[in-house]
Amino acid sequence: MSILHLVNKSPYENSNLNSAAAIMKSDDTLLLIEDGVYAAVKSGTASAKIAGHKVSVLGPDLAARGISEDKLVDGVAVIDYAGFVDLVETNDKVQSWL
Amino acid sequence: MSDTKKFLFINRKAPYGTIYAWESLEVVLISAAFEQDVSLAFMDDGVYQLLKGQDTSGIGMKNFSPTYSALGDYEITKIYVEKESLEERGLTLDDLQHLVWEDEDEDYAEKDSIRLVSRAELGDVMAEQDVLFNF
Chain A
1 MSILHLVNKS
11 PYENSNLNSA
21 AAIMKSDDTL
31 LLIEDGVYAA
41 VKSGTASAKI
51 AGHKVSVLGP
61 DLAARGISED
71 KLVDGVAVID
81 YAGFVDLVET
91 NDKVQSWL
Chain B
1 MSDTKKFLFI
11 NRKAPYGTIY
21 AWESLEVVLI
31 SAAFEQDVSL
41 AFMDDGVYQL
51 LKGQDTSGIG
61 MKNFSPTYSA
71 LGDYEITKIY
81 VEKESLEERG
91 LTLDDLQHLV
101 WEDEDEDYAE
111 KDSIRLVSRA
121 ELGDVMAEQD
131 VLFNF
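Residue numbers (this note's numbering), protein chains in the order written: chain A, 1 to 98; chain B, 1 to 135.
Among the hints, erroneous ones may be present.
[As the list claims (entries may be wrong)] Here are the simulated SDA-like pairs of lysine to any residue, each with C-alpha atoms no more than 20 Å apart in a straight line:
#1 B:K52 - A:S19
#2 B:K83 - A:Y12
#3 A:K71 - B:T92
#4 A:K93 - A:E13
#5 A:K42 - B:K52
#6 B:K83 - B:I114
#7 A:K93 - A:S19
#8 B:K5 - B:K78
#9 A:K49 - B:Q54
#10 A:K71 - B:K5
#11 B:K83 - A:K93
#12 B:K62 - A:K93
#13 B:K52 - A:S43
#14 A:K71 - B:Q97
#15 A:K42 - A:K71
#16 B:K83 - A:G44
#17 A:K71 - B:L93
[What the hints assert, rightly or not] From the derived model, a few chain A residues whose C-beta atoms are all more than 12 Å from chain B:
#18 I23
#19 K42
#20 D80
It is worth saying that the hints were derived from the structure and are not from the lab.
It should be emphasised that the depicted structure is a prediction, and the values quoted were computed from it without experimental measurement.
C-beta atoms are modelled at their ideal positions from N, C-alpha and C, and glycine is treated no differently.
Please model the entire structure based on the sequences and the hints provided.
Shown next as structure tokens:
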């Protein structure tokens, strides 16, 4: 039973990402959207929090914020809105860390 | 001229996730139009507002980041960026827009608007202001 975890807030602003990362199981996927995408920037201190997890990032939210894909942690998947829908479909449940 | 006050706008939130960044910019431009001595500070997630290469075509929101490059024309020439906030987020000055103003006293020479300051130095900047605005 896999869960798709959605994080939409900056990891530097509150602890939503900490909570998600601490609860995630190995089958789960973390999808970073909106201000959550800042967590995937390689050289940022928050990137350590997503290490070891299956992570996707929403491409349009990255582009809006001026973050190019070469700045991301290795292994992070950049997806579009259709990919977002696919993740919702392939996981059993969605947990939004609002 | 005695009505001129030193205004500091302190920007601490990322763009697009909330309306704060855009609203700040609106009030900043209004303040400048009333000929106040306006400075801007970017700290915490506010430093993300100045990242170059923003392209909002995929999220259906207005990209207001080009407006920052117009601040020099409004005689806003002091833009403080906190060093610690940049470093924590894995960013450097090179990741930010290159903002300049033209110094009419020196034959319109282009000068950098962004001043990289430490947290302690930003505290000094705050101390010398008349009014602080937070966004």
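Here is what the structure says about each hint:
{"no.": "1", "hint": "B:K52 - A:S19", "in the structure": "violated (31 Å)"}
{"no.": "2", "hint": "B:K83 - A:Y12", "in the structure": "holds (15 Å)"}
{"no.": "3", "hint": "A:K71 - B:T92", "in the structure": "holds (12 Å)"}
{"no.": "4", "hint": "A:K93 - A:E13", "in the structure": "violated (26 Å)"}
{"no.": "5", "hint": "A:K42 - B:K52", "in the structure": "holds (17 Å)"}
{"no.": "6", "hint": "B:K83 - B:I114", "in the structure": "holds (11 Å)"}
{"no.": "7", "hint": "A:K93 - A:S19", "in the structure": "holds (17 Å)"}
{"no.": "8", "hint": "B:K5 - B:K78", "in the structure": "holds (15 Å)"}
{"no.": "9", "hint": "A:K49 - B:Q54", "in the structure": "violated (25 Å)"}
{"no.": "10", "hint": "A:K71 - B:K5", "in the structure": "violated (41 Å)"}
{"no.": "11", "hint": "B:K83 - A:K93", "in the structure": "violated (41 Å)"}
{"no.": "12", "hint": "B:K62 - A:K93", "in the structure": "violated (33 Å)"}
{"no.": "13", "hint": "B:K52 - A:S43", "in the structure": "holds (17 Å)"}
{"no.": "14", "hint": "A:K71 - B:Q97", "in the structure": "holds (17 Å)"}
{"no.": "15", "hint": "A:K42 - A:K71", "in the structure": "holds (6 Å)"}
{"no.": "16", "hint": "B:K83 - A:G44", "in the structure": "holds (13 Å)"}
{"no.": "17", "hint": "A:K71 - B:L93", "in the structure": "holds (15 Å)"}
{"no.": "18", "hint": "I23", "in the structure": "holds (23 Å)"}
{"no.": "19", "hint": "K42", "in the structure": "violated (6 Å)"}
{"no.": "20", "hint": "D80", "in the structure": "violated (8 Å)"}
Hints 1, 4, 9, 10, 11, 12, 19, 20 from the list above are not met by this structure, while the remaining hints are.
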